Structure formats: C-alpha cells, structure tokens
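K.L.:
Mapping to my numbering: the sequence shown position 209 is 209, numbers consecutive.
Rather than coming from a laboratory, the hints here were simulated on the basis of the structure. Any given hint could turn out to be false.
In silico DSS-like links for lysine-lysine, alpha-carbon gap of 30 Å or less [said to hold, decoys possible]:
no., residue 1, residue 2
1, Lys71, Lys185
2, Lys111, Lys174
3, Lys71, Lys108
4, Lys169, Lys108
5, Lys71, Lys28
6, Lys208, Lys28
Here are the simulated distance ranges between beta carbons [unchecked claim]:
no., residue 1, residue 2, range
7, Glu205, Gln173, 17 to 23 Å
8, Arg178, Ala131, 26 to 32 Å
9, Ile88, Ala122, 26 to 32 Å
10, Pro145, Gln181, 32 to 38 Å
11, Ser213, Leu22, 37 to 43 Å
Keep in mind that this is a model prediction, so the values were computed, not measured. C-beta atoms are modelled at their ideal positions from N, C-alpha and C, and glycine is treated no differently.
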Amino acid sequence: MNWLQSWEPYIAIALLTGLINLPISIKKLLNKCQSLPFFKPLSTIAFWWWILVNLALPATVFWLLYSIPTKPTVNADLVTKAITFGLIFTAFANARVDTGFFGVDIEKFYKYLTQFTYDRIAASQTRETAAFWTDFEADLNQNQPDISEGLNYLENYFQNDVSLDEIAKQDYQKRLDRVRQMTVKSEQTKAIRTLIAIRRRDLPEVLKRFRCSTAFLNKYLSKLPKQ
Numbered sequence: 001m002n003w004l005q006s007w008e009p010y011i012a013i014a015l016l017t018g019l020i021n022l023p024i025s026i027k028k029l030l031n032k033c034q035s036l037p038f039f040k041p042l043s044t045i046a047f048w049w050w051i052l053v054n055l056a057l058p059a060t061v062f063w064l065l066y067s068i069p070t071k072p073t074v075n076a077d078l079v080t081k082a083i084t085f086g087l088i089f090t091a092f093a094n095a096r097v098d099t100g101f102f103g104v105d106i107e108k109f110y111k112y113l114t115q116f117t118y119d120r121i122a123a124s125q126t127r128e129t130a131a132f133w134t135d136f137e138a139d140l141n142q143n144q145p146d147i148s149e150g151l152n153y154l155e156n157y158f159q160n161d162v163s164l165d166e167i168a169k170q171d172y173q174k175r176l177d178r179v180r181q182m183t184v185k186s187e188q189t190k191a192i193r194t195l196i197a198i199r200r201r202d203l204p205e206v207l208k209r210f211r212c213s214t215a216f217l218n219k220y221l222s223k224l225p226k227q
C-alpha cells in the first residue's frame, strides 16, 4: 500500500494530461460523425474505446517523455507541463518521439487506434445513414415541397451559432446562396444535404422545415437521438 501511495501523485498528474485532452478529442470525433443521424455516442462501444485511448495514451506518453519513473519533484512546473501536454497532444501525436528509453512512432500508433474507432462506428452506422439520406433526397425530389423555409432556417441557424467564427459563417452563406440559385431539382437536393451539417438533436426540426412527407417523418423521427 505504501508503494502505491508513493506513486499516486505521479499517476494523478499523468492522468491529468489525458483528462485535458479528452474534450478536444471528443469534439474531433463528434465533428467527424456529424453526418451520422442515428449515432448515439453514449450507447456505442467504439465511443468508450475512443475515451480510453485518448485518456490513456497521452498519460502514457507523458509518463515516458518526462521520465516519471524516475520520480521527479512534484511541483507546479510538472503540473503545468502535464496541462500543456494535454492541450497539444493532438498535434504532438503527429511525430516520432524519443522518450529516453526508445523511439516511439506516435503518429502511426495513434492513427491505428483512432482508425479502429472509425471502422467500428462505420460498421454500425453506414448502412442506415446511407438509407436515411437517400430517402431524404428521394422525398424532396418526389414531393417537391417549397424548400425556402428550410433554407431560411439553415441560414438563421448558422448565422446565430456562436461557436462559428465570421469566416465560417460567410463561407456557409456563400454555399447557401449557390443552392438557392440552382435550377436543377436533383442537384439542388444533393446540395441541400451537404448544408445540413447541424447538431444531431436539431435534425428533426430541419426535416420539418423542409416539409418532408409524413411518411418520411414517421419512418425516421422516432429513431433519431433526442439529445
């Protein structure tokens, strides 16, 4: 027990690195999965694998890189290094690191672990996602509803999204304007689909604004995540 207690401060500091990295890595994953309407992170095993990787790997690399096995002095400087390392880990992962014990190709190892996550998510989501967006396009093309309300909603949605900077908002507005000017219905519908890069819980509202058919809404609304 005394042996474990002597290591507790170092374990806590190393884990701090992973905890700092987690929000960054989770945001990266959720952004990548934004087009998956039925993706429910908390009930997906691959999501928890992602959590484990992005908690344990930064902690392990920090442990080796800063020679934690030699028990350096626990002070504010060491804690600051742990916090900083957690913040820059994503960029740091694209490098080969000499830990003092051996060279580690972090880039290849990290890519392998993250690709495993993407592969598992793709295996469970791709088919249903493809069916959803195919049906969405077919519904708009077949019923040809007035899409102006849907486009106006998307315009207001992105213009009022405080998480976006002005450049991103201007870029989106240009894409939206191009869609409004399209005259070929099938091309316009496909372009609309690329504009719906919204938070998953807001998708039901967007579908209603585009006046999707009752049959389409009845088929899919109950399957979409509520949060």
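K.L.:
For each hint, tell me whether it holds in the structure or not.
P.N.:
Quick rundown of the hints versus the structure:
{"no.": "1", "hint": "Lys71 x Lys185", "in the structure": "67 Å, violated"}
{"no.": "2", "hint": "Lys111 x Lys174", "in the structure": "34 Å, violated"}
{"no.": "3", "hint": "Lys71 x Lys108", "in the structure": "29 Å, holds"}
{"no.": "4", "hint": "Lys169 x Lys108", "in the structure": "34 Å, violated"}
{"no.": "5", "hint": "Lys71 x Lys28", "in the structure": "33 Å, violated"}
{"no.": "6", "hint": "Lys208 x Lys28", "in the structure": "28 Å, holds"}
{"no.": "7", "hint": "Glu205 x Gln173: 17 to 23 Å", "in the structure": "20 Å, holds"}
{"no.": "8", "hint": "Arg178 x Ala131: 26 to 32 Å", "in the structure": "27 Å, holds"}
{"no.": "9", "hint": "Ile88 x Ala122: 26 to 32 Å", "in the structure": "28 Å, holds"}
{"no.": "10", "hint": "Pro145 x Gln181: 32 to 38 Å", "in the structure": "19 Å, violated"}
{"no.": "11", "hint": "Ser213 x Leu22: 37 to 43 Å", "in the structure": "41 Å, holds"}
Violated hints for the displayed structure, listed by number in ascending order: 1, 2, 4, 5, 10.
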